[in-house]
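Make a model of the complete structure from these sequences and hints.
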Amino acid sequence: MDEDLKNFMQFLLVEKRVAKNTLLSYERDLKNYLRYLKNVEAVETLNHVQKAHIVHFLNFLKEQGKSPKTLARHVASIRAFHQFLLRNHTANQDPSILIEIPKSERSIPKILSLEEVERLLDIAYGQGHFALRDKAMLEILYATGIRVSELIQIDVEHVNLTMGFVTVIGKSNKERIIPVGGPAAESLKRYLEHGRPNFLLENRTEDSLFLNHHGKRLSRQGFWKILKKLANEAGIKDELTPHTLRHSFATHLLQNGADLRAVQEMLGHADISTTQIYTQLSKTRLMDVYSKFHPRA
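Every number in our numbering is 4 more than the matching position in the sequence shown, counting from 1.
Just so you know, these hints were derived from the structure itself, not from any lab.
Since this is a predicted model, take the numbers as computed values, not measurements.
A couple of the hints might just be wrong.
Said to hold, decoys possible - In silico DSBU-like pairs for lysine-lysine, Cα to Cα no more than 35 Å straight-line:
no.: 1; residue 1: K178; residue 2: K73
no.: 2; residue 1: K175; residue 2: K24
no.: 3; residue 1: K35; residue 2: K73
no.: 4; residue 1: K70; residue 2: K24
no.: 5; residue 1: K114; residue 2: K42
no.: 6; residue 1: K55; residue 2: K10
no.: 7; residue 1: K193; residue 2: K10
no.: 8; residue 1: K229; residue 2: K24
The following block contains the structure:
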């Protein structure tokens, strides 16, 4: 079984080219699944797995208090694994084919108000190279809606300030070009001219756009620490994650009349239903305004 999992992970990495975080999720879910099959169901080979075994495993996860979202992710991992085994003739049947994915309510993401965004961007203002970097990163995130994983992977060659866009590599290594507004472009220009050279030290060959104090590519953890510090200084009380700026970008665009398909393209969503959650949030905001200001609400 362990060898089958190893082959599947290699397939995802080489042929499907899934993102690193997605790969880790598959591996974690399937290790739990295989451990359960061995230790609880006493299944000897994957060809002996039955639908009942998978149902028992999902019930086991439910008893542990796992959310519908987590259960749905496990089902997706198990399905993909068994389909791989069937295609590779490692198994002669797919017991997961009739397993239904648990429905989970899609929670409305938290966003920042325009005033909070302005406060956060103003806090990052400064002339030192750290301030120039932090300001440029926040401006780019809010201006483009890209993921933090995409932000830290941007190289200098991916930036075209003359044309006003950045090229990012998203999930499954899909490339997309995103326009950058005036304030973000200006912040990025200042950082490239007066900030980034001070990070390079002796490492003049580093391609990464955003660097840490060692002159190397900034990590997700490094950005997370920067964001928490700036949010605290800006007096933002609610929990602020790197994804909050992405949610805010999409919601503010739609609230101001942007086309849903255009927002989908900029966010890099494969399915427009993922983008539609932001229209729900916009409607919620409209209802709040109506309830607050309409005399007969």
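Results of checking the hints against the structure:
1. The straight-line distance between the Cα atoms of K178 and K73 is roughly 25 Å, inside the 35 Å bound, and the hint therefore holds.
2. Restraint check: the Cα-Cα separation between K175 and K24 comes to about 9 Å, which is no more than 35 Å; the hinted pair holds.
3. For a cut-off of 35 Å, the pair hint linking K35 to K73 stands: about 18 Å separates their Cα positions.
4. Straight-line distance between C-alpha atoms of K70 and K24 comes to about 23 Å, which keeps the hinted pair within the 35 Å bound.
5. A distance of roughly 41 Å separates the Cα atoms of K114 and K42; the hinted pair therefore is violated under the 35 Å criterion.
6. Taken as a hint, the K55 and K10 pair is honoured in the structure, with Cα atoms around 23 Å apart against an allowance of 35 Å.
7. For the given pair, K193 sits about 45 Å from K10 by alpha-carbon distance, which is inconsistent with the 35 Å threshold.
8. A hinted pair counts as satisfied when its Cα atoms are at most 35 Å apart, and K229 with K24 qualifies at roughly 21 Å.
The structure shown violates the earlier hints numbered 5, 7.
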